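Student: One letter stands for each residue in the lines below.
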Amino acid sequence: MAMEPRGKAPHHLVVVGGGMVARRLVDALRARDGEGRWAVTLLCEERRAPYDRVALTSYFTGRDPEDLALGGQEIWDDPLVTIRRGVAATAIDRAARTVTTSDGRTLGYDSLVLATGSYAAVPPVPGHDLRGAFVYRTIDDVADLRSYVESLRGELDRPLRGAVVGGGLLGLEAAGALRALDVDATVVEFAPRLMPLQVDDGGGEALRRLIEGLGVSVRTGTATARLTDHLGRVARMHFADGPALDVDVVIFAVGVRPRDELARGAGLEVGERGGVVVDDACRTRDPAVWAIGEVACIGGRCLGLVSPGYAMAEVVADRLLGGEGTFPGADLSTKLKLLGVDVASFGDAFAQEPGALEVVVSDPVAGVYKKLVMSDDAKTLRGGILVGDASAYAALRPMVGRELGGDPVAHLLPEGATPAPTGDLPDDAAVCSCNNVSAGAIRCAVTEGGCTDLAGVKACTKAGTSCGSCLPLVKRLVTTELEKSGVAVSNALCEHFDLSRAQLFDVVRVQGLTSFSEIIAGHGRGRGCDICKPVIGSVLASLGTGHILDGERATLQDTNDHVMANLQKDGSYSVVPRIPGGEITPEGLLVIGQVAKDFGLYTKITGGQRIDLFGARIDQVPAIWKRLVDAGFESGHAYGKSLRTVKSCVGSTWCRFGVQDSVGLAIDLELRYRGLRSPHKLKLGVSGCARECAEARGKDVGVIATDNGWNLYVGGNGGFTPRHARLLAEDLDTETLVRTIDRFLMLYIRTADRLQRTAAWVEDYEGGLDAIRAVVLEDSLGIAGDLDAAMAAHVGSYEDEWAATLADPEKLRRFASFVNAPDEPDPSLAYVGERGQARPATPEEREGGAVLIAGTTLEVRP
Amino acid sequence: MTPPATTAPSSAAPVPTDLDPTDPDPTALGDTAGVWEEVCHLDDLPRERGAAALVDGVQVALFRTHDDTVHALQQYDPYCGAHVLSRGIVGTRGDVPTVASPMYKQVFDLRTGACLDPVGREPVHLATYPVVVRDGVVLVGREPRHGSGPS
Ligand SMILES: Cc1cc2nc3c(=O)[nH]c(=O)nc-3n(C[C@H](O)[C@H](O)[C@H](O)COP(=O)(O)OP(=O)(O)OC[C@H]3O[C@@H](n4cnc5c(N)ncnc54)[C@H](O)[C@@H]3O)c2cc1C
Ligand code: SF4
Ligand code: FES
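If you read the sequences in order, they're chains W and Z.
Residue numbers for the first sequence follow full-length UniProt numbering, beginning at 1 and rising by one.
Residue numbers for the second sequence follow full-length UniProt numbering, beginning at 1 and rising by one.
Everything labelled a hint here was simulated from the structure, so no lab data went into it.
As the structure is a computational prediction, the values presented were derived from the model and not from experiment.
Beta carbons: idealized from backbone N, C-alpha and C, even for Gly.
Do not take every clue at face value.
Okay, the calculated bits of chain Z under chain W, using three or more residues with CB under 8 Å as the criterion [as the list claims (entries may be wrong)]:
(1) 42-50
(2) 53-66
(3) 81-91
(4) 99-108
Derived pair list, reagent style BS3-like, types lysine-lysine, alpha-carbon separation capped at 30 Å [unchecked claim]:
(5) 569(W) to 681(W)
(6) 105(Z) to 569(W)
(7) 681(W) to 626(W)
(8) 569(W) to 626(W)
(9) 105(Z) to 681(W)
(10) 475(W) to 337(W)
(11) 597(W) to 569(W)
(12) 335(W) to 379(W)
(13) 811(W) to 105(Z)
(14) 475(W) to 379(W)
(15) 604(W) to 105(Z)
(16) 379(W) to 484(W)
Make the full structure from the sequences, and use the hints.
Tutor: So, in structure tokens, the structure goes:
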């Protein structure tokens with residue numbers, strides 16, 4: 001928490017432009033300015049707080065605008081930070097030190113930072129302003145593009161065609177967006193190759209082949225001459241030479257221009273090609289005015305990447321607090337995944353320094369082109385280009401300017417062929433260029449900062465929190481450092497097992513173990529505890545080895561699983577019968593209502609579309625279940641780390657908008673996965689169309705109907721850290737969908753940590769979502785058959801736990817309230833009435849004697 | 001119903017000396033009915049789990065460990081105010097037999113009632129009850145020993 005400024009009021013900093021770099025400045029300043037010397041006002045022309053522009057294209061893979069938010073939003077609640085959304089600065093009066101804003105106000109400043117970024121350039125070709133021609137810079141741009149394409153698709157009964165003008169980084173991003181919108185894409189580039197600024201001819205050629213392989217047409221060496229229309233909408237593209245192209249939508253991605261208009265108006269110096277001229281402290285000639293990010297012309301040029309902008313933000317934060325920081329120079333290294341193709345370039349990629357040697361590995365068949373630029377003695381790395389497989393990037397980039405050691409070609413072989421040279425990475429090597437974090441800082445976070453895992457190091461150093469390309473290297477550094485400092489990188493479950501949950505799962509599965517005694521004797525020590533016992537109980541249950549209360553297995557269960565009900569705060573339990581897909585007959589509702597009434601239970605509808613009955617004493621639970629089972633209900637597993645519910649909207653059977661039967665699918669899925677024990681609870685959802693009324697993307701597995709089938713999302717959850725599920729696969733038919741979910745769930749069950757929800761598991765999984773997709777859709781590990789068989793075994797062996805328990809007097813003995821007085825209710829339970837139902841009495845109510853109901857004794861029939 | 005009192009670690013209450021659970025023949029104490037209560041058969045208690053019992057009208061949690069030793073603690077969980085301790089998971093910490101509260105997972109020594117892991121709260125120790133098993137019958141002493149910290 002920031003301290004209140006003592007004595008005098010804080011200085012006022014006005015930041016113009018709510019982009020990524022502005023956000024970094026506010027973060028850096030508030031993190032360091034503990035005394036509250038500066039109050040900040042941020043003017044954002046866009047209607048939203050700063051967002052992740054770099055990830056803009058992911059808007060098309062189903063992410064909401066909110067998913068693009070940068071970092072925690074608490075910063076806007078900081079009393080020293082004022083954000084004005086949708087308000088632009090219109091003029092600066094440097095003499096008066098004021099800024100005029102678009103809502104007609106005037107703001108005084110002590111310091112002013114221009115972080116206005118760039119706008120997308122539009123070439124002056126005739127027809128550039130027709131309807132259907134777009135640029136690609138802001139959320140509003142991409143939202144307009146999407147709604148245009150969607151409305152056109154409704155009108156035209158044929159595949160849509162699109163073209164992107166510009167074959168650089170942005171153009172390929174835009175082509176990816178068109179593909180995500182299911183529009184045929186042609187990329188038109190004036191230069192003779194794609195990405196002319198980042199890669200050389202060889203790299204460009206490899207990139208072209210890869211991108212054409214993805215169904216995107218490429219025309220290089222082609223100048224766009226004009227666009228012509230049909231009824232005011234763009235319809236055809238004409239070139240300086242060659243045949244014209246029929247198009248429905250055009251995106252201009254030909255570059256950006258700095259938004260330096262405010263500075264020009266205020267008489268500040270601008271560069272030859274635009275941009276606010278600043279020194280290496282990011283200061284203009286006016287000592288009260290600074291410029292950072294894409295709008296700054298530093299060292300004679302503007303830099304169109306986010307990491308140099310972040311470095312500038314850090315410099316200004318430091319300077320505002322009296323520091324002496326200077327801009328360290330731009331690292332224009334980039335690693336991108338464009339249309340799923342890896343492209344990276346770093347250092348002196350074009351071998352422009354004299355005496356450079358180039359080492360090239362090119363495999364046209366595999367679509368890989370890799371080049372290292374070395375010093376003339378082939379020892380020191382100067383730069384490189386990687387196309388098709390950029391896995392070496394994280395390890396190589398920090399080595400620029402250093403001796404590589406060994407044969408340079410060895411570093412270009414596929415991942416795993418050579419050990420990555422991380423151990424001896426010098427402390428000053430920049431590992432995370434986005435956030436300017438050195439290898440030394442990462443090591444220090446472990447040795448001195450007390451960080452014990454990757455998440456801790458990320459939080460503490462910010463390494464890996466932007467583009468994420470450095471994460472493999474950060475992870476290896478952290479692991480090495482932990483091992484060195486003797487903090488054994490322990491996956492041990494608890495004092496009884498040195499194995500992690502995933503390892504234990506494998507051991508139990510491969511050796512076919514079925515009892516706790518066997519497992520702990522062979523692989524652990526002692527008699528277990530409340531950590532390892534439920535894990536083993538869950539592993540045995542996942543492997544389908546019998547009823548959870550059979551023999552010794554009953555000792556492993558947490559009280560919820562042991563009583564097969566949910567423990568509540570007063571020691572009573574709640575009972576939830578399964579209502580698959582949330583569909584229930586009126587007769588079923590009457591049964592539940594009557595049971596609740598007879599046993600005096602409090603009823604509430606859950607978020608999972610079923611009914612929870614509260615206030616059951618342990619000795620009442622079997623009698624309640626007897627009634628429910630007799631009426632055809634079965635366990636809802638609300639108590640288990642297992643499948644909870646498959647929530648659904650009403651879908652195409654009733655809904656005017658529905659395109660598929662979401663209820664039918666939800667019921668099938670719920671009946672398929674019911675009883676499946678897992679590392680944590682599992683929730684699924686199915687929506688009948690893109691309106692998403694079932695909130696399926698807040699679930700571990702979310703299914704959303706499309707015109708052509710189902711889109712599958714994974715890794716969502718609500719709760720403490722809400723996450724939106726991410727797209728795993730699109731337009732699946734029902735059979736493929738179910739098989740894919742089968743494999744996803746089984747892989748999760750086998751490899752996740754104890755109590756790790758799918759969101760965290762996906763993040764932790766080596767290679768992330770892409771690797772999981774490869775396993776479940778392409779069988780990259782060759783285990784798909786095995787996963788399918790495991791799920792088939794689960795489905796085949798399902799039995800209702802409650803029906804089985806009611807049929808076994810031995811199991812029923814566990815529900816006695818007292819071993820020497822089995823029918824005597826717990827005398828301490830006390831309830832009061834509220835809104836027509838019972839609830840536990842508060843301590844005050846007990847003391848005051850206001851208790852109305854002693855125990856839930858309203859039952860009229862046992 | 002007032003729960004058995006619990007005490008903080010500082011006030012280690014004197015252990016009643018007239019009750020010796022290791023005494024092979026509690027009837028030797030004379031007043032069996034007054035001091036000990038026959039609760040159940042050993043076979044009524046599942047191994048490595050707890051069960052609740054009423055001893056002199058007071059709720060007591062009985063635990064039978066894997067070596068068939070029976071321990072008795074107060075059933076009242078001071079951390080949540082409910083009578084639930086018998087429903088926790090039985091295990092070990094090092095050589096110490098333990099139970100973890102089913103509510104908020106505090107861990108207690110089954111032998112002494114000492115709180116071994118207060119899960120971020122102040123340690124509160126539990127009262128224990130003397131237990132003997134004679135001819136397969138479990139007898140629990142009516143007089144609790146007040147809890148004290150790990151020695
Ligand atoms: C699709 C796409 C992909 C990209 N991919 C990458 C990548 O992979 N790696 C990489 O390093 N970079 C990438 N970039 C570039 C990166 O996004 C920019 O370098 C970065 O966003 C620049 O940040 P900034 O804060 O300087 O400017 P911006 O993010 O442009 O923010 C400037 C903000 O200021 C606002 N503004 C302007 N004038 C005013 C005014 N007068 N008053 C108030 N507000 C004003 C603008 O509306 C804008 O919101 C990509 C860009 C795009 C569009
Ligand atoms: S998601 Fe679609 S189908 Fe389902 S209820 Fe909403 S609008 Fe109807
Ligand atoms: S290099 Fe981008 S997050 Fe580290």
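Student: Against each hint, give a clear statement of whether it holds in the structure.
Tutor: Verification of the supplied hints:
1. 42-50: holds (count 6)
2. 53-66: holds (count 6)
3. 81-91: holds (count 9)
4. 99-108: Holds: 5 residues of the stretch 99-108 of chain Z have a Cβ under 8 Å from chain W.
5. 569(W) to 681(W): Cα-Cα ~20 Å, so holds.
6. 105(Z) to 569(W): holds (13 Å)
7. 681(W) to 626(W): holds (25 Å)
8. 569(W) to 626(W): holds (24 Å)
9. 105(Z) to 681(W): Distance of about 19 Å is within 30 Å: holds.
10. 475(W) to 337(W): Judged against 30 Å, a Cα distance of about 20 Å means the pair holds.
11. 597(W) to 569(W): Status holds; Cα separation ~21 Å.
12. 335(W) to 379(W): holds (24 Å)
13. 811(W) to 105(Z): holds (25 Å)
14. 475(W) to 379(W): The given pair, whose Cα atoms are some 27 Å apart, holds under the 30 Å limit.
15. 604(W) to 105(Z): It holds: about 27 Å lies between the C-alpha atoms, which stays within 30 Å.
16. 379(W) to 484(W): holds (29 Å)
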